[in-house]
Amino acid sequence: MEKYAIYVPRLIKKQENFAPGHRACIGCGEALAIRLAFKALDNNVIVANATGCAEIFASQLPATSWHLPWIHTLFENTAAVASGVEAAYKVMRRKGIPLPENTKVVAIAGDGGTSDIGLQALSGALERGHDFTYICFDNEAYQNTGNQRSSATPFGAATTTSPLGKKSIGQFSWKKNMPEIAVAHNIPYVATACHSYPFDLMDKVAKAVATKGPAYVHILSVCPTGWRSATDTVIRLGRLAVETGVFPLYEVENGKYKMSLNLPKLRPVKDYLKQQGRFRHLSDDVIQKIQDRVEIEYQKLLEKAKNGSKTTKRKSRAGAGKVPA
Amino acid sequence: MTTRVGIEVSIAVADAVRLTNADVIAAYPITPQTHIVEHLAELVANGELDAEYIPVESEHSAMSACLGSAASGARTFTATSSQGLALMNEVLYVASGMRLPIIMAVANRALSAPLSIWADHSDMMSVRDTGWIQIIVENGQQAVDNIICAFRIAEDRRVLLPVMVHLDGFNLTHVIEPITLPEQTDVDKFLPKNRFPLPLNPDKPVAMGGFAPPVIYTEAKWAQEVCIRDSKEVILACWDEFGRVFGRQYHPVEKYHSDGAGVILLTMGGISETASVAIDEMRAEDENVGQVRLRLWRPFPFEELRQAVKDAEIVIILDRAISLGGPGGPVASEVKAALYNQVKRPKMVAFVGALGGRDITVAGFKNLIKKGIEISRTGSQNEYEIYGVRE
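The listed protein sequences correspond, in order, to chains A and B. The number in our numbering is simply the position in the first sequence, starting from 1, with 57 added. The number in our numbering is simply the position in the second sequence, starting from 1, with 1256 added.
Honestly, the hints are just simulated from the structure, not real lab data.
Partial selection, computed: residues in chain B whose CB lies under 10 Å from chain A:
1. A1327
2. V1347
3. V1350
4. K1449
5. P1458
6. F1467
7. Y1473
Here a beta-carbon is modelled for each residue, glycine too, at the ideal position from N, C-alpha and C.
Start from the sequences and build out the full structure, keeping to the hints where you can.
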C-alpha cells in the first residue's frame, strides 16, 4: 500500500471531473467507476447521461457533481442525444463557429438504459458511426427504482421482479451479452472493465474516447444495495467476478479480441456467488449449472482471442495486486 | 424580385429550411412527411445545404438527437407526422422544459387504430400540452413563411422554446402550389444567427436536465408557462417584421369576413380554404356569415379570439380531432372555455368532422353551417355533433 501512495499520483492525474458529495449509496461501485472513467479523460468532454442511479444521485437541482458539460434528458435516448451533440459539433466546426478543440462526446447509462430500453437508440448510434463513446455502468438490475430485474441481471439472482418463490429461483434468463452486441456493429473499439481493476478501466476508457468512431465500454459496477452484499466487499466482488470468469475483461479492437488478463485457472463461481444475498438461495445444482455456463462462455471468448495476441501490454497493470478471497 | 413558381409544398418546406441554413436535421421517415425529409437529405447530399443529416432509427431518437444538437447551439430541424409525433411525445416535453429551440414541421395525419395515413388533427391535439409553440398553416406559402418565422421566434433569447409548424398531410404536403420562395439575402437579414445562450461547451461547463425535487418543480413549470405566454409578443413582432420585409402578414387569429358577421365558422388548417369558398357563396346569397381561423394554437390567442367573435351571435367550431368520451373536439373545448366568462358571448355549436382524410366539400361546409345555425336555435342534447358520419 505504501508503494501505491507513492506511485498512484504519478500514474493518474489529480483532477476530478466527478466531484464527491453526491447521494450514492455506501460502497457504490458505479460512483467509483464513473469517477475513475472520467479521471482518465481531460476536460474536453461533453457527457450525455441516461436516467438512472448516477443521474439521480449526482444531479439534484440546483447541484451537480459534474465538472464537465453534462446533459440528461430521458431514459432510453442517451445514445441519440449524444448523436445530436456529435453532429452539431461536427457541422458547427465545419462552418467555422468558434468551438474548443478536440471535443469528445461520452454517453453513459446503466444496464437497463443500455441493454433494455436504450438498446435501439444505442444500436442506431453505433451503426451510424458517430464519433462518440458509450459507457454502460452495469449493476445488473434497475437499482435506481429498487432492484428490478433487467436483461443484464444474471441467472438465478433474486430481484424484486425476479423474486425467489415456491415456483421461482430468481432470474430465469441468462445475462444478455451486451459487449457482443456492440461488437456485432463492427465498431472500432469494444471493451469490458471493472472498477476493481482501476488502471485497466482508465486505460480502456481513455482508449475508447481517443478512438475515431463509435466505441463501447461495458463496466461491471458492484451494487451492494441491490446485490445484498456487504458495503466493504465492492472491490473484492469485482475481482471475484473477473477471476471466476463470470465477467471476463477483454478488448475488441477492430474485430480483434484480446483478453486483458491471463488467468491460468478460473476460480469456482461459488466463491463469487456465496458473498451475495441475491444468490444466497441457490442450490449446488443451480450453482453447477452456472459454473458450466460460465466455463462454456469463457472458452468461447478464449477461442475468439486466440487469433489476437494472448495477453496485452495492459496485463501487468490489470493484474496488479492480489485480492484475498 | 422573386417570382411565384409551382412547387410541391413539401419541397418548398425543405427549401425554406435550406434558406435558414440549418445545421442539423435528424429525421425518420413517415408518410406523409417523407417528401420534406427526402428533399432535405438531397439538399445535404448535393452540398446545397451545409448540414448534418442524421438518419435516425426512430422518431423518438429523431427528437432526442435534436435535443443534443440544439443544446450544443446548432440550428436544428426535424419533421414528422402522426404515429411519429406520438412516439416522440415524451421527448417533446423535454425539448420545451429544457428551453431548446427546435423547429419541427408536422404533416398532420390521423392516429391509428384503425391505421389511416390521411389528414386530420389527431396528432396535433395529442401534443397540445407539450409546451411547444404551435403554428397552423393553410397553404404552401404560409408553410414556407412560417418555417422561416419559426426559427426566428424559437431562437429569440426572450423565447427559447421549440416551435411546431402544422400542415395537413397530403392535402397540403403533396400538392403543387404557386409559392414564392424568399431570397437568401432577405432571409439572412430577417433571421439572425442562432446564439443559444448556454450551450454544452467544455470551455464553460453547464449541467442541463437535473432532476427537480418538489421544492423546485412548480417554479420550473411556472417559469415555462410565463415564457410561452410572453412569447406571443415576440411572435406578433416577428410576423409584423415578416410582413414588412416580405409583404405577407400573419395573425394569431385570421379573420375572413368575420367583422359584423352574425354567424362565424371557426376552423384550423388546410380545410379552412374550402370553408372560405363556402363563406363566399353564402355571403353571395346574402347570408351574414364569416370565418375565423386559428393560426396560433399555442400560446392560445385568447384576446384575439375574443375580439374576433365579440359581435357574433353564433360561433360554429369544426374540430378535425375527437376527444373520445369527452366534450368532442379540443378546439371547441378551448374556444368555449375562452369565451365562457365573457359578459356577452355567442352561442357555440361544436362539430367534429373531416377525420382521417374525409373531405368536407364547399357544399358540405354550407350544409354544416346551416345545421349549426339550426342547432343553435333548437338546442341539442349532444355535447357536439359529428359531421358526415354514416350510422
